[in-house]
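These are the residues of each chain, in order.
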Amino acid sequence: MFHCDVVDIKEISLDKAQKFIESHKCGASLFFIGTVRDHNNEKEVTGITYDSHDAMVKKSFEEIYNEAIKKLDLQHPVAFVEHAKGYVPLGGISIIIAVACKHRRQVYDFSRFIIEEIKKRTPIWKKEHYTGEDAQWLDGEKLEIKK
Amino acid sequence: MKIKVELFGVCRELSDQDHLNLELSDNSEIKDLREQMVQIVKKKFPENNNYLEMVKKSAFSVKDEIVEDAYQLQNNDSISIIPPIGGG
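Residue numbers (our numbering), protein chains in the order written: chain A, 1 to 147; chain B, 1001 to 1088.
If you're looking for bench data, these hints aren't it; they were derived computationally from the structure. Note that CB positions come from ideal geometry on N, CA and C, so glycine has one too. Keep in mind that the hints are not guaranteed to be accurate.
Stated by the list, open to error - 30 Å max Cα-Cα, derived DSSO-like pairs, lysine-lysine:
id, chain 1, residue 1, chain 2, residue 2
1, B, K1063, A, K127
2, A, K43, B, K1044
3, A, K142, B, K1057
4, A, K142, A, K119
5, A, K120, B, K1042
6, A, K120, B, K1004
7, B, K1031, A, K146
8, A, K70, B, K1044
9, B, K1002, A, K119
10, A, K58, B, K1043
11, A, K71, B, K1044
12, A, K25, B, K1044
13, B, K1057, A, K58
14, A, K43, B, K1057
15, A, K142, B, K1042
16, B, K1063, A, K142
17, A, K120, B, K1031
18, A, K58, B, K1004
19, A, K102, B, K1002
As the list claims (entries may be wrong) - Stretch-level coverage of chain A by chain B, calculated; a stretch enters the list once three of its residues show a Cβ under 8 Å from a Cβ in chain B:
id, region
20, 47-55
21, 82-95
22, 105-119
Okay, chain A solo, but in the shape it has when bound (with noise of 0.2 Å):
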C-alpha cells in the first residue's frame, strides 16, 4: 500500500503518516522526519522555498516505491511519502518517510532507499533563505534519461 503527495507546510503532518501506517497492522514502522537545518554553506538558514514539478514528482515517488519492493525484496509493504512544496520555516518539516514491513531489519533499508533515490532523481529544488534577506537557488543532481 501506497501513499505519496505534495502538500503545503500547513498540510504536511506526523499525525497523518502515522494514522495511515497503523491502519495496516504490519510487524514493523519506521518515520523518517527531514527538516530545515540552521546552516549551510557557512551561512546561517532561517527557511527553504522547496519548489516542484507535482506530477513528476508523484510518479517519480511510485517508481521509487515499486523499484524498492523488487530490489528488497520486501513483504507487506507499507510506505507514506508526502514532501513539503512553497516556503518552509526553519526547523519546519519538508519531507514525511514513514514504511512499514513484516520485519524491523526491512524497514531500515526500505526508508533509506526511498530518501536516497529521492535526492538522486525526484524534481524538487530547495531556494535557501539567509540571514539579511540573501537568498540561493542550490546547485544539485543532473537528471539523465531513463535508459
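Chain B: place on chain A using the hints.
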C-alpha cells in the same frame, strides 16, 4: 514555431510568470531550445555564472518524461525545464 517553457527551480528567476513563450525556427530540437535558454540567462543575468551553469546542466521533459537533446520540437509544444534537482 511557438514553444511554451514551464519554469522550475532556478529557472523561475527568468520570468515573473511560471513559463516563457519562445519562438524557435522550424525543425528545432531540444538542444536548440537549451541554447536559446542559455542566451536568455546571459542577457538577463550577465554576471551570474551559477545560473548559467545550472541552465546548461538542465534536462527537459515532455509529458512528464525526460527527453533527449535530439528530441524534435513541434509547434505549440509545452516543455518543462528541469534544472539539477535536490529535494528531501
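Do the hints match the structure? See the list:
Between B/K1063 and A/K127 the CA atoms are separated by roughly 25 Å; this keeps the pair inside 30 Å, and the hint holds. Distance restraint check for A/K43 and B/K1044: the Cα-Cα separation of roughly 26 Å lies within the 30 Å cut-off, and the hinted pair is therefore satisfied. With a CA separation close to 6 Å, the supplied pair A/K142 and B/K1057 stays within the 30 Å bound. For the given pair, A/K142 sits about 11 Å from A/K119 by alpha-carbon distance, which is consistent with the 30 Å threshold.
Of the supplied pair hints, the one linking A/K120 and B/K1042 holds, its CA atoms being roughly 28 Å apart against a limit of 30 Å. Taking the CA atoms of A/K120 and B/K1004, the gap is near 27 Å; set against the 30 Å cutoff, the hint holds. A threshold of 30 Å between alpha carbons decides the hint, and for B/K1031 with A/K146 the separation of about 18 Å falls inside it, so the pair holds. For the hint pairing A/K70 with B/K1044, the CA-to-CA distance comes to about 47 Å; that exceeds 30 Å, so the pair is violated.
The hinted pair formed by B/K1002 and A/K119 fails the criterion: a straight-line CA distance of about 34 Å is larger than 30 Å. This hinted pair does not check out: A/K58 and B/K1043 have alpha carbons roughly 34 Å apart, beyond 30 Å. Between A/K71 and B/K1044 the CA atoms are separated by roughly 46 Å; this puts the pair beyond 30 Å, and the hint is violated. Taking the CA atoms of A/K25 and B/K1044, the gap is about 55 Å. The hint is violated against a cut of 30 Å.
With a C-alpha separation of about 23 Å, the suggested pair B/K1057 and A/K58 falls inside the 30 Å cut-off, and the hint holds. For the given pair, A/K43 sits about 25 Å from B/K1057 by alpha-carbon distance, which is consistent with the 30 Å threshold. About 20 Å separates the Cα atoms of A/K142 and B/K1042, which keeps this hinted pair within 30 Å; it holds. A hinted pair counts as satisfied when its Cα atoms are at most 30 Å apart, and B/K1063 with A/K142 qualifies at roughly 19 Å.
Our distance criterion of 30 Å between C-alpha atoms is met by A/K120 and B/K1031, whose separation comes to about 23 Å. With a C-alpha separation of about 22 Å, the suggested pairing of A/K58 with B/K1004 holds against the 30 Å cut-off. Taking the CA atoms of A/K102 and B/K1002, the gap is near 53 Å; set against the 30 Å cutoff, the hint is violated. Coverage of the region 47-55 of chain A by chain B holds in this model, with 5 residues showing a Cβ closer than 8 Å to a Cβ of that chain against a need of three.
Coverage of the region 82-95 of chain A by chain B holds [criterion: at least 3 residues with CB-CB distance below 8 Å; count 3]. Against chain B, the region 105-119 of chain A contributes 3 residues with a C-beta closer than 8 Å to a partner C-beta. That satisfies the three-residue criterion, and the hint holds.
Of the hints listed earlier, those the structure fails to meet are numbers 8, 9, 10, 11, 12 and 19, in rising order.
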